[in-house]
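*Asks:* Sequence:
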Amino acid sequence: MSKQKIDLGKTSVGLLFIRQLFPTVLGMIFSALFIITDGVFVGRGIGSEALAAVNISAPLYIFATGIGLMFGMGGAIIASIFLAQGKKKMANVISTQSILCSSFILLIFTILTISWPEKSLAVLGCPTELYDLAAEYLIWYTAFSVILGLLNSLPFFVRLNNPRYAMWCIIVGTAINIILDYIFIFIFKWGLFGAAIATVIGELIAVIALLIYLINWGPRIRLIRLKTSIRDILYAVKNGVYMMKLGVSAFLSEVTISVMFLTGNYVFKHYLGTSGVASFSIICYLFPIIFMVFNATIQSGQPIISYNYGRKLYPRVRKTLRIALLTAMGFGLCFVLISLIFNEEIVTLFIANTSSKAWQYAVKGLQLFALDYLFFSINIVIIGYFMSIENPKRATLFTILRGLMPLLGFLIMPKLFGVPGIWLAVGTGEIVTTLIILLFLYKDRQLRNRKRLSISSHKKA
Numbered sequence: 001m002s003k004q005k006i007d008l009g010k011t012s013v014g015l016l017f018i019r020q021l022f023p024t025v026l027g028m029i030f031s032a033l034f035i036i037t038d039g040v041f042v043g044r045g046i047g048s049e050a051l052a053a054v055n056i057s058a059p060l061y062i063f064a065t066g067i068g069l070m071f072g073m074g075g076a077i078i079a080s081i082f083l084a085q086g087k088k089k090m091a092n093v094i095s096t097q098s099i100l101c102s103s104f105i106l107l108i109f110t111i112l113t114i115s116w117p118e119k120s121l122a123v124l125g126c127p128t129e130l131y132d133l134a135a136e137y138l139i140w141y142t143a144f145s146v147i148l149g150l151l152n153s154l155p156f157f158v159r160l161n162n163p164r165y166a167m168w169c170i171i172v173g174t175a176i177n178i179i180l181d182y183i184f185i186f187i188f189k190w191g192l193f194g195a196a197i198a199t200v201i202g203e204l205i206a207v208i209a210l211l212i213y214l215i216n217w218g219p220r221i222r223l224i225r226l227k228t229s230i231r232d233i234l235y236a237v238k239n240g241v242y243m244m245k246l247g248v249s250a251f252l253s254e255v256t257i258s259v260m261f262l263t264g265n266y267v268f269k270h271y272l273g274t275s276g277v278a279s280f281s282i283i284c285y286l287f288p289i290i291f292m293v294f295n296a297t298i299q300s301g302q303p304i305i306s307y308n309y310g311r312k313l314y315p316r317v318r319k320t321l322r323i324a325l326l327t328a329m330g331f332g333l334c335f336v337l338i339s340l341i342f343n344e345e346i347v348t349l350f351i352a353n354t355s356s357k358a359w360q361y362a363v364k365g366l367q368l369f370a371l372d373y374l375f376f377s378i379n380i381v382i383i384g385y386f387m388s389i390e391n392p393k394r395a396t397l398f399t400i401l402r403g404l405m406p407l408l409g410f411l412i413m414p415k416l417f418g419v420p421g422i423w424l425a426v427g428t429g430e431i432v433t434t435l436i437i438l439l440f441l442y443k444d445r446q447l448r449n450r451k452r453l454s455i456s457s458h459k460k461a
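So the sequence shown is numbered by this note's numbering: it starts at 1 and just counts up by one.
You may find that some hints are simply not true.
Calculated lysine to aspartate or glutamate pairs in the EDC-like style (CA-CA distance at most 20 Å, straight line) [to be verified]:
#1 443 with 345
#2 357 with 129
#3 238 with 390
#4 245 with 129
#5 269 with 444
#6 119 with 129
#7 189 with 49
#8 357 with 49
#9 364 with 390
#10 364 with 344
#11 312 with 129
#12 393 with 444
#13 269 with 132
#14 87 with 344
#15 357 with 345
#16 189 with 132
#17 319 with 232
#18 269 with 49
#19 312 with 7
#20 227 with 345
#21 312 with 232
#22 357 with 344
Derived Cβ-Cβ restraints for the label pairs, each shown as a range [said to hold, decoys possible]:
#23 315 with 104: 36 to 42 Å
#24 349 with 420: 18 to 24 Å
#25 125 with 7: 47 to 53 Å
#26 227 with 364: 57 to 63 Å
#27 164 with 7: 43 to 49 Å
#28 107 with 11: 26 to 32 Å
#29 312 with 356: 37 to 43 Å
Hints in this document: simulated from the structure, not taken from any laboratory. We put the CB at the ideal spot given by N, CA and C, even for glycine.
Using the sequences plus the hints, can you model the full thing?
*Replies:* And the structure:
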């Protein structure tokens, strides 16, 4: 996919989107397998309590992922606009600063977390009976948060050069993770320590391959050596703040998932005990995969949207948004149908004991929870669109709404509908958020139409 063959400002939008979509979505799916592989092997090789223990640590994993996405997407948006303006050197500087900023923040996060694991687990609401298992996984996995952040930020810049290479890096890393998970858990009997180390090794290999490409081979974007004067450091900090501003909704999207997991753990523990937490942990494994596919859909459109927005080719921007929305909704509908039809098979992947309470809760709950996927797809694409056109205020507003609505759902729905209400809480929040977003878009369109009429009337006068 060379620059001569593909022009983001001239090539058919549909063709551009398809060429970006396949490697981006496939790469995201395999990235999600880093998560789900641990769940399957932990649930079957160690037990449902270990599965619940890993779920307790999930918010920390999601925080690190969010930092990587925030700087990756924020940096890629700026880099795409600089490329559209012919400023390749500035695009390279921004890309390098993005990677360094996310790594620095996650290094501090790692030091704080592993220095006080007891406090971290207390904040996460870890039950006493799961403490030892959760601590074992948390310490070893969180120690390598920088690698996880890089795994989520580097592909943004590699995809500006070669989406297929980014995809293959993730696929190879995932394959290694799966093999090592089996060896460490089933053969070596290393428990959660083995699960954590297997994931870290797989992620590290993928990150090394991505870094090698960006340092040596990237035709559009490369990582470069930055100047280290005080002035240049301050300039990097300023750019880092702007990247955070653009990418904050990507971070908040991860935080909202984290808050959902954390709140869900408390609510399920209150109503259904440890078995409830174990059943909810299956959703916690599946939900990021669904999110990654929807996120990959708008990420496929992001370079096209940002580039054409930078060149003021607005009809191409709007067409890309329409294609992304329809694609994400198609994925959402497929996920709903799969969850409704194959709910038992999906749950059995994680919990082999079909007579356990955790299995029974999850089989019924998955069907209820899946009803929100279609609305979830709309929300993620619209938020990503506003990020891509440098409108972080609107993107952040909608992301915060996505975070608040499920919390209200967890408070209200169980009181109205009992246990089914817990599973419906997140979906109710997504539906309300979608309605609010559509209302905003409708009012924006009305305002633009009034302005056009006003300008037209003024010219006639």
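*Asks:* So if I understand the rule, the pair passes when the alpha-carbon distance is 20 Å or less; does residue 245 with residue 129 pass?
*Replies:* Cα-Cα ~41 Å, so violated.
*Asks:* Holds or violated: are the alpha carbons of residue 319 and residue 232 at most 20 Å from each other?
*Replies:* Not OK: residue 319 and residue 232 at ~39 Å, beyond 20 Å, violated.
*Asks:* Mind checking the alpha carbons of residue 189 and residue 49 for me, to see if they're no more than 20 Å apart?
*Replies:* holds, 16 Å
*Asks:* Within 20 Å, alpha carbon to alpha carbon, are residue 312 and residue 232?
*Replies:* violated, 30 Å
*Asks:* Take the C-alpha atoms of residue 269 and residue 132, compute the straight-line distance between them, and say whether it is at most 20 Å.
*Replies:* Since the Cα atoms of residue 269 and residue 132 sit roughly 18 Å apart, the hinted pair holds (cutoff 20 Å).
*Asks:* Holds or violated: 36 to 42 Å for the Cβ distance of residue 315 and residue 104?
*Replies:* Roughly 40 Å apart at Cβ, these two residues keep to the hinted range, so it holds.
*Asks:* Within a Cα-Cα threshold of 20 Å, do residue 443 and residue 345 meet the stated pairing?
*Replies:* Violated. Residue 443 to residue 345 sits at ~44 Å, over the 20 Å cutoff.
*Asks:* Just to be careful, I want the Cα atoms of residue 312 and residue 129 compared with a cutoff of 20 Å; is the pair within it?
*Replies:* violated, 58 Å
*Asks:* Holds or violated: are the alpha carbons of residue 227 and residue 345 at most 20 Å from each other?
*Replies:* Violated: residue 227 and residue 345 sit about 55 Å apart, past 20 Å.
*Asks:* Below or equal to 20 Å on CA atoms is what counts here, so check residue 269 against residue 49.
*Replies:* holds, 13 Å
*Asks:* Is the straight-line distance between the alpha-carbon of residue 357 and that of residue 129 20 Å or less?
*Replies:* Roughly 18 Å separates the two Cα atoms, so the pair holds.
*Asks:* Does the Cβ pair residue 125, residue 7 satisfy 47 to 53 Å?
*Replies:* holds, 51 Å
The structure fails hints 1, 4, 5, 9, 11, 14, 17, 20, 21, 27, 28, 29 (numbered hints given earlier, in ascending order).
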